[in-house]
Amino acid sequence: MAFNKILGVGVALSVLLTANSASAGALEERVKDTYTNPPITVENSDDPIITPFDVQLIRPENYSSYNAYEKSFSMDPGNGSDGNLWIKNTSSDDLWVKVFVNGGNDPLEVSVKKGAQKTISFYVGVTTSYKIYVYSKTGHKIEMSISARQF
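Residue 817 is where the sequence shown starts when you use the numbering used here, and the numbers rise one by one after that.
Honestly, the hints are just simulated from the structure, not real lab data.
Please read all numbers here as calculations on a predicted model, not as lab measurements.
Ideal placement from N, C-alpha and C gives every residue a C-beta, glycine not left out.
The reader is advised that the hints may include incorrect statements.
Dumping the calculated BS3-like pairs for lysine-lysine here, alpha-carbon to alpha-carbon at most 30 Å [unchecked claim]:
(1) K930 <-> K904
(2) K930 <-> K887
(3) K953 <-> K934
(4) K957 <-> K930
(5) K887 <-> K934
(6) K947 <-> K957
(7) K953 <-> K914
(8) K887 <-> K904
Cβ-Cβ distance ranges computed for the label pairs, FRET-style [stated by the list, open to error]:
(9) K957 <-> D898: 28 to 34 Å
(10) Y951 <-> P893: 25 to 31 Å
(11) F967 <-> N883: 27 to 33 Å
(12) N900 <-> V942: 15 to 21 Å
(13) D922 <-> A884: 28 to 34 Å
(14) K953 <-> N900: 23 to 29 Å
(15) N918 <-> F967: 19 to 25 Å
(16) S897 <-> G955: 36 to 42 Å
(17) N878 <-> G941: 30 to 36 Å
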């Protein structure tokens, strides 16, 4: 009796499995139909892209410390002829920015008033190295946002 029940269940399962079998060919056709469109489309392939990307010299960041901020970078005219250094002072007093060009001893010194922002622009004719030094003359905590780019 138990043998007949097991045999009946086995026959029933085999009928169900053969009725819903998936052949490799059918599965391949469904996958093939799914990927007929390319994942990337080009609107107009006749228009060349000639706009250069900005080069991030100092990635946008927020800085908060009692220590001075110091960063060096180089600008190559192959990356564009213009550059910007942007600073937003969010600290409780004025900040001072020194910009050293090619390790020179006579830096450009600029103040950034409390709550203000300032952009310093550069023209790049030859490969030039810069060192940015931001500090406080009163010893207060430096809190600022800063970024630099070349384009």
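Outcome of the hint check:
1. K930 <-> K904: holds (9 Å)
2. K930 <-> K887: holds (21 Å)
3. K953 <-> K934: OK: K953 and K934 at ~18 Å, within 30 Å.
4. K957 <-> K930: Status holds; Cα separation ~12 Å.
5. K887 <-> K934: Holds - the C-alpha atoms of K934 and K887 are around 17 Å apart, at most 30 Å.
6. K947 <-> K957: The hint holds at about 21 Å.
7. K953 <-> K914: holds (12 Å)
8. K887 <-> K904: holds (16 Å)
9. K957 <-> D898: 28 to 34 Å: holds (32 Å)
10. Y951 <-> P893: 25 to 31 Å: holds (30 Å)
11. F967 <-> N883: 27 to 33 Å: 30 Å Cβ-Cβ, so the 27 to 33 Å window holds.
12. N900 <-> V942: 15 to 21 Å: For N900 and V942 the Cβ distance comes to about 18 Å; the hint holds.
13. D922 <-> A884: 28 to 34 Å: violated (19 Å)
14. K953 <-> N900: 23 to 29 Å: About 25 Å separates the Cβ atoms of K953 and N900, which means 23 to 29 Å holds.
15. N918 <-> F967: 19 to 25 Å: holds (21 Å)
16. S897 <-> G955: 36 to 42 Å: This hint holds: roughly 39 Å between Cβ atoms.
17. N878 <-> G941: 30 to 36 Å: holds (32 Å)
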